[in-house]
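Trainee: Residue numbers (the working numbering), protein chains in the order written: chain A, 1 to 267; chain B, 1 to 247.
Do not take every clue at face value.
[Said to hold, decoys possible] Partial selection, computed: residues in chain B whose CB lies under 7 angstroms from chain A:
(1) 103
(2) 106
(3) 236
[To be verified] Cβ-Cβ distance ranges computed for the label pairs, FRET-style:
(4) 90/B x 86/A: 35 to 43 angstroms
(5) 111/B x 143/A: 24 to 32 angstroms
(6) 215/B x 72/A: 46 to 54 angstroms
(7) 106/A x 182/B: 31 to 39 angstroms
(8) 235/B x 86/A: 53 to 61 angstroms
(9) 117/A x 226/B: 26 to 34 angstroms
It should be emphasised that the hints constitute simulated quantities derived from the structure, not laboratory data. The beta-carbon is built from N, C-alpha and C at its ideal position, and this holds for glycine as well.
Listed below, chain by chain, are the residues.
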Amino acid sequence: MLKGELNINNIILILSVVALLIVVSTVYLFTTFNNRKNKLIQEQLESKLNNQKRQHELELNALRAQMNPHFVHNSLNAIQYYIQLNEVEKSEDYLAKFSKLMRQFFEYSRKQSISIENEILLLKNYLDIEKLRFEDDFDFKISVSKNLDTEELFLPPMVLQPILENAINHGVFHKKGKGEVSITFSSINETSFKVEVTDDGIGINKTKAMKKAKDQTTHTEHSSFVLEERLALLKESKKWDVEFTIVDRLDVSEQTGTKVTLIFKED
Amino acid sequence: MTIKTILIDDERKALAILKNKLERLCPNVEVIAETQNPKEGIELIKTLKPDLIFLDIAMPELSGFDVLKQFENPDFEIIFATAFDNYAIEAIKHCAIGYLVKPVDNTDLVTAINNAEANIEEKSSLVKNKQLIENLGIQTFQKKKIIIPSVEGLEFVKIEDILHCEGETGYTKIHLKTGKPLLSSNSIGHFNKLLESSNFYLVHKSHLINLSYIEKYLNEGYVILTGNKKIPVSRNRRQEFLEQLKS
Numbered sequence: 001m002l003k004g005e006l007n008i009n010n011i012i013l014i015l016s017v018v019a020l021l022i023v024v025s026t027v028y029l030f031t032t033f034n035n036r037k038n039k040l041i042q043e044q045l046e047s048k049l050n051n052q053k054r055q056h057e058l059e060l061n062a063l064r065a066q067m068n069p070h071f072v073h074n075s076l077n078a079i080q081y082y083i084q085l086n087e088v089e090k091s092e093d094y095l096a097k098f099s100k101l102m103r104q105f106f107e108y109s110r111k112q113s114i115s116i117e118n119e120i121l122l123l124k125n126y127l128d129i130e131k132l133r134f135e136d137d138f139d140f141k142i143s144v145s146k147n148l149d150t151e152e153l154f155l156p157p158m159v160l161q162p163i164l165e166n167a168i169n170h171g172v173f174h175k176k177g178k179g180e181v182s183i184t185f186s187s188i189n190e191t192s193f194k195v196e197v198t199d200d201g202i203g204i205n206k207t208k209a210m211k212k213a214k215d216q217t218t219h220t221e222h223s224s225f226v227l228e229e230r231l232a233l234l235k236e237s238k239k240w241d242v243e244f245t246i247v248d249r250l251d252v253s254e255q256t257g258t259k260v261t262l263i264f265k266e267d
Numbered sequence: 001m002t003i004k005t006i007l008i009d010d011e012r013k014a015l016a017i018l019k020n021k022l023e024r025l026c027p028n029v030e031v032i033a034e035t036q037n038p039k040e041g042i043e044l045i046k047t048l049k050p051d052l053i054f055l056d057i058a059m060p061e062l063s064g065f066d067v068l069k070q071f072e073n074p075d076f077e078i079i080f081a082t083a084f085d086n087y088a089i090e091a092i093k094h095c096a097i098g099y100l101v102k103p104v105d106n107t108d109l110v111t112a113i114n115n116a117e118a119n120i121e122e123k124s125s126l127v128k129n130k131q132l133i134e135n136l137g138i139q140t141f142q143k144k145k146i147i148i149p150s151v152e153g154l155e156f157v158k159i160e161d162i163l164h165c166e167g168e169t170g171y172t173k174i175h176l177k178t179g180k181p182l183l184s185s186n187s188i189g190h191f192n193k194l195l196e197s198s199n200f201y202l203v204h205k206s207h208l209i210n211l212s213y214i215e216k217y218l219n220e221g222y223v224i225l226t227g228n229k230k231i232p233v234s235r236n237r238r239q240e241f242l243e244q245l246k247s
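Isolated chain A (complex conformation) (with noise of 0.2 angstroms):
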């Protein structure tokens, strides 16, 4: 008897002991449970932000490349010397074709790509606009090799048209008589494609030269850094690969001028 009332005792003592494991251990479970699943969205949130942060960061910095104010300024002064002239239409032309591209620049530097067809349509854009302003000083080509699918290869948005700036300004603008710049988009492979600007100026090596001897910075130099951070941004965002090289064309042939390829390939 006293036997069974012990076994009894034990009995409720054991259960107790076990129901209290249970619950504490219920409450253990849960609680770690619930701070891992936080942890888990917190950490989600956090490298949704990262994301939204570089993006908004790719998206600033490419119109950054973009407005130039020395190219925004020189074509409204360029407007202004048609209004003078009295030629009604050619700078009504000249100022629908600057909106034009401002809403191209607007639309284009807020998508992640365009296709190489869009992106020439821009340029193409551009390069009338500084052909009004330089007028018969400055003419450009644009080559597409046959075999490149221009509608189904993409870049990164307001890479290219910095560089032509650069072209222009130093292969047009330093340089006596006409000056040309020349753009070839050529196919590597399915996914890579090589695009060279060529211009027909006094080089990088002269330019370089003449920027030490006034002893300033120039905007040349400004919108290469920009073009050099956004190339590397780019790459962080571990979508594009975009390898740069630059040469003096003197360097290499006969001919003077400055040669930029890039090369493109998506991750």
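With chain A held as given, fit chain B onto it using these hints.
Mentor: Frame of chain A, contents of chain B only:
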């Protein structure tokens, strides 16, 4: 044919520029009235019964769309004018109505007038305007209708009834949930601009799909749409497409 025209824009300078351009470039356009006040514009349209109105969209008090909504039978051709408003432009494009962005390009203006003249002769303005009014009252974008000009006339198609569009050289085939596909002489790029903010995605240079009808994505680079339609996703578009699907 002389096109009797009324100009409505709250900015005096915009009116002057437009009038000057029309006089120089479009001899068949006769500006019969102009106003900076949209309410006065409504009265002018009612009494003068113009063939065409140039209508600014963003105006204080009454927008260009509000002006249009005042008419039960808006049987006049409209060319909307706007400086920058993507949402409004898209709504106008859905109904194949004319528009110009400011500052106005001379070539664009002449093209818009030629189109307007054709529409006036075909008497297609009323149905397009009515559809625009209807769309403006519909909140869910998939319930809106777009107007597709075809050889026979105009096709009114609810966005949610479009499965996918297929680009061919010189035309686009619009595949619907039921019935025969429609043919349009517009490019697939045109339809992409028209539908990209209505949950459509250009997965390939010649395939625009309605994302609401995706049933499966195959890793080898295809999507399967309702009705077992297999559409290729081009290699260079896959990454962004998958990101879009996740978000």
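Trainee: All hints are to be evaluated individually against the structure, with a verdict given for each.
Mentor: Going down the list of hints, with the structure as the test:
no.	hint	in the structure
1	103	holds (5 angstroms)
2	106	holds (6 angstroms)
3	236	holds (6 angstroms)
4	90/B x 86/A: 35 to 43 angstroms	holds (39 angstroms)
5	111/B x 143/A: 24 to 32 angstroms	holds (29 angstroms)
6	215/B x 72/A: 46 to 54 angstroms	holds (49 angstroms)
7	106/A x 182/B: 31 to 39 angstroms	holds (33 angstroms)
8	235/B x 86/A: 53 to 61 angstroms	holds (54 angstroms)
9	117/A x 226/B: 26 to 34 angstroms	holds (30 angstroms)
Of the numbered hints listed earlier, not one is contradicted by the structure.
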